[in-house]
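**Student:** With chain A held as given, fit chain B onto it using these hints.
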Amino acid sequence: MKTTTLIAAIAACLALPALAQSQLTVVNFGGANGAAQKKAYFEPFEKAAGAKVVAVEYNGEQAKIKAMVETKKVTWDVVEVESPDVNRGCDEALFERLDWSKLGPKADFLKAAVHECGVGTFVWSTVLAFDADKLKTAPTNWADFWDVKKYPGKRGMRKGARYNLEFALMADGVKTADVYKVLATKDGAERAFKKLTALKSNIQWWEAGAQPPQFLVAGDVVMSTAYNGRIDAAQREGKNLQIAWAGGIYDLDYWVIPKGSPNKDLAMKYIAMASTPEAQSEYAKLISYGPTNVKALPKLDAKVLGQLPTSPANSKDALQFNIKFWADQGEALEKRFASWATQ
Amino acid sequence: MSVAAAGSPELLRTLARVQARRRLVALALTLPLLLFLLATFLVPIGALLVRAVENPEVVTALPRSTALLADWDRKSEPPAAAFAALATDLGKLDRSADAGALARRLNSEVPGARSLVMGTYRATQDELRADQLKPEQVREQMLALDERWAELKYWRAIAKNASRWTPDYLLTAVDLRRNVDGEIEKVSPDLAVFTGILLRTFNISAVVTLTCLLLGYPLAYWLSTLPARKANVLMILVLVPFWTSILVRVAAWIVLLQREGLVNKALLALNVVDAPLTLLFNRTGVIISMTHILLPFMILPLYSVMKSVPPTYLRAAVSLGSAPLAAFFRVYVPQTWPGIGAGTLLVFILSIGYYVTPALLGGASDQMISYYIAQYINVDVNWGMACALGAVLLAATLVLYSVYRRVVKAELSLG
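Chains as they are written, first to last, in our numbering: chain A, 1 to 343; chain B, 1 to 415.
The following block holds chain B by itself, in its conformation from the complex:
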């Protein structure tokens, strides 16, 4: 093989080939990670977003009725043909799973629809044969079976869900709804709940983040000034609770904070208070315990940034005549901004997803949004609503992250 002259086309080609091979190898090496991210992160999030707007139950189960109700004015009683179409649709559902899904979907729109739909479904499988009757007769039989079929709200719910996609879950997640004419309006105050819960979630997270910062900053500073051996021993004290199960720590807080617990006994013995304080099953308990659990996430990034700040700057400032405190805030603290930014962001984002701690230590008005997501998934089995709340939480988190980037003007760095 001859050696190609510098700059010759042959050399360039060879170089390009080598480069391409390298890129391929690099890609092949990162491929497992990319695939992993795709499978465990992007696909589930995509599925969640799709579920939040997907609405197949009504169209799948009632193709004839939804087509027929498309022309209905939604203000007068639906035509007898609609009754017949509904009975035909229900009669042709072979899988009772579809009827169950339809009943669940309509019930989350109009409470009571579940028993109405399932009752009528059972009748259509038995004595109510739409194909052997005139539409008028079907109407009479359905009204005789359950007089609620005369109420327009059930028919409106069917007509409203004639599309395979719906904005309703997302609208409900921000306390809005579509009215009869399809206009978007606010829900009545006694049903407005999720904006309040979202604000509460952010409120609790902000307080926890701030307390973590106030407690973690001095501790991290102290650790960073100690000799390595001592710092390592103390660091273990920070990390041991970090490795303990959250449930165990929650249980420990119950023991400490209850009415006859250690904290109250100590306060009573020291005559600080006259009667035991209520520290549990309210906001106080939630914040104390969440701060404790999340503190390491604040201390670790702060500590790693502080370790890299040379102590000479502070000494130089003081020797140039600055008061020690002013020097600390004007010279030292600005150098730890990246640590503060990373720590607060980490703690805040972790805390908005908290579920177990508020569920076990909080009252009914201290539950964060995950509690309601879990309720929709497990108790109501209304996954559309759960996904919509998840999507709102995701959107809010992304907005906050972009605000953070604007303010800090840097990527998230962990020191």
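Bound-form chain A, shown alone:
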């Protein structure tokens, strides 16, 4: 009996390296999104591929990936990154170039989801959110957000220039389609900062995506910019938070493989599986982020669709985040924002 236990233990030890080889480290932003990915992607993939998925949370720090790639000690196999980072990382050769023939027909995906270094995994949106229990008339657009006479009280906004400058221009009457054209000019940037100044004393700044729903529920702010998935999560907890979709800025998150990942093949298999219509529709049911595989849409019912940033009603007056503009102007505008905040 004892010897058999011993043999079993030794066998288990010998088997460990073999197990370790079929392990995949997937890095995401955690939270409700991480939980949805675990259910829709990780668990089915573990069953199908017989590999173990190790989930790691991060906060979008590209410095970690850069350090790993530069020191050639890559321990992350698949990473969820935001759109500006997929471009920059691809330019600086931090990510593997993907073989799209292994991922499915490009035509099945949204145009923005197809990238030489990444696969768009979901569409999310930064929107105007409010607590419907506390406001008599619902705000409908950014002009209402700026109207402190009609809606007295504080507004939550993300600390930083990104999104806020676009919202400011829309509030100032710039048409959604023209926002980046105007913002690219010197006068346009001036105009956006001037509009932000008008609201400055009424802004309560947030840092993390979890904060806006808290602010709204606590009554600290009457309206806030927020990530639509976070508002959806609060609704599922029974809070009456609502979204005004007009003028929301939508963007994609991508799967990438850091350059030199030892499990590249398995990582490709994972991305392919997580990009199927079946997996993506499961994911969208768990959190209201839109699928990038258009074939996932028919698998969703009207109720789920109504909450997604990609549904026709919600995306009617939405603005697509302009990666190229922010890749070029981001550093300068963020610096200017820091200076503006001090004044």
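Since the hints were made in silico from the structure, they are not lab data. Ideal placement from N, C-alpha and C gives every residue a C-beta, glycine not left out. Treat the hints loosely; a few may be bogus.
[To be verified] The following residues of chain A were derived to be distant from chain B, with all beta-carbon distances above 10 Å: (1) Q23; (2) G50; (3) A63; (4) D91; (5) E92; (6) A143; (7) P152; (8) K175; (9) R236; (10) K239; (11) L286; (12) V294; (13) E331.
[As the list claims (entries may be wrong)] Dumping the calculated BS3-like pairs for lysine-lysine here, alpha-carbon to alpha-carbon at most 30 Å: (14) B:K265 <-> A:K150; (15) A:K269 <-> B:K265; (16) A:K295 <-> A:K102; (17) A:K136 <-> B:K265; (18) A:K149 <-> B:K265; (19) A:K200 <-> B:K265; (20) B:K92 <-> A:K72; (21) A:K186 <-> B:K186; (22) B:K265 <-> A:K324; (23) A:K66 <-> B:K92; (24) B:K92 <-> A:K194; (25) B:K153 <-> A:K186; (26) A:K194 <-> B:K153.
[What the hints assert, rightly or not] If you want the footprint, here are the derived chain B segments under chain A, 3+ residues with CB under 8 Å: (27) 98-106; (28) 371-383.
**Tutor:** Chain B alone, transformed into the frame defined by chain A:
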């Protein structure tokens, strides 16, 4: 072995040998620590300082162009040969990582250069073959590809970075820049940001240090007068929050200070205020929470110094006719100077590096310099700029420490 006579050369030699062996043993014992310090402290700081002035991206990627642009007057359009050299350089970059690094470097100098450089790089890998064309043709093709190549600012940025070393990051960190002629000048007010942030960092740290001192001094004094058993119990109350994670304490402050939080509810119930105070996401919240987190660092050195001050001096002063308060300030407080010095220095230096607390509890105008260092490292991936800000912070800290030594005329003592 014979016993050597006292003072004989043989004895001296033996003594010297023994001494040398002892020194060697002592050195061997401290060697691990020295190596540890070297590896974890001096080398990283050295690397940080080097990164703050290192500028390899442009020279590595564009050797021909930078050499050719050295003679350019920077005021007229660059010669067609410069266009050809640039296209040749970009065409010969095998690793796209170098092109990406070049684009990032130039973009931090001239916003927009990233897309310009990457677009042209892709073209040179494809249809734009500089070696098969005349310089004039290359120029035409590049301008057709992207008309921004007619703008001088991009060419100036390339010419300016022709050296492997640059003062630009450090200059930017103190709101200065080099103009076209290479003279140092102030940046325009809407881009001047870091001196303000540095001053804000010192300002917040000074306020936190002062509040810690005002709160910590009486408490430490009270603790030092209590019997050991009671003092130990109370000391645990000081230390328990000290052992709690900073994030947990920050979250606790959010619960306490929010609009509908305990503090506001209590103030409203007591009719102290009519409307809830805004205690969070502004300077007040940052200072309250940082004071709470750093208070033990003030109390511990104060307490250890106060424990060693004999209470008899104070009694002697009073019995000789001094008023109690005057005796306290003129007799007792001067004896605790070392504790005050150590406590304030410790709290101040810890607080200038604060990041998480202001990020979570402060507004956009309450962020300290570490926030921007983190932004440059993680978001902009501009490590040169991050290192330059780090170097400025290090320099400012060293200056303050030397001022402290001048004033206190003593090494840092922890009691």
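**Student:** Next step is simple, just say for each hint if it's right about the structure.
**Tutor:** Each hint tested on the structure:
| no. | hint | verdict |
| --- | --- | --- |
| 1 | Q23 | 27 Å, holds |
| 2 | G50 | 35 Å, holds |
| 3 | A63 | 5 Å, violated |
| 4 | D91 | 4 Å, violated |
| 5 | E92 | 3 Å, violated |
| 6 | A143 | 22 Å, holds |
| 7 | P152 | 12 Å, holds |
| 8 | K175 | 24 Å, holds |
| 9 | R236 | 22 Å, holds |
| 10 | K239 | 15 Å, holds |
| 11 | L286 | 26 Å, holds |
| 12 | V294 | 28 Å, holds |
| 13 | E331 | 5 Å, violated |
| 14 | B:K265 <-> A:K150 | 27 Å, holds |
| 15 | A:K269 <-> B:K265 | 55 Å, violated |
| 16 | A:K295 <-> A:K102 | 17 Å, holds |
| 17 | A:K136 <-> B:K265 | 25 Å, holds |
| 18 | A:K149 <-> B:K265 | 27 Å, holds |
| 19 | A:K200 <-> B:K265 | 27 Å, holds |
| 20 | B:K92 <-> A:K72 | 24 Å, holds |
| 21 | A:K186 <-> B:K186 | 20 Å, holds |
| 22 | B:K265 <-> A:K324 | 48 Å, violated |
| 23 | A:K66 <-> B:K92 | 24 Å, holds |
| 24 | B:K92 <-> A:K194 | 45 Å, violated |
| 25 | B:K153 <-> A:K186 | 16 Å, holds |
| 26 | A:K194 <-> B:K153 | 27 Å, holds |
| 27 | 98-106 | holds (count 5) |
| 28 | 371-383 | holds (count 9) |
When held up to the earlier numbered hints, the structure conflicts with 3, 4, 5, 13, 15, 22, 24 and fits the remainder.
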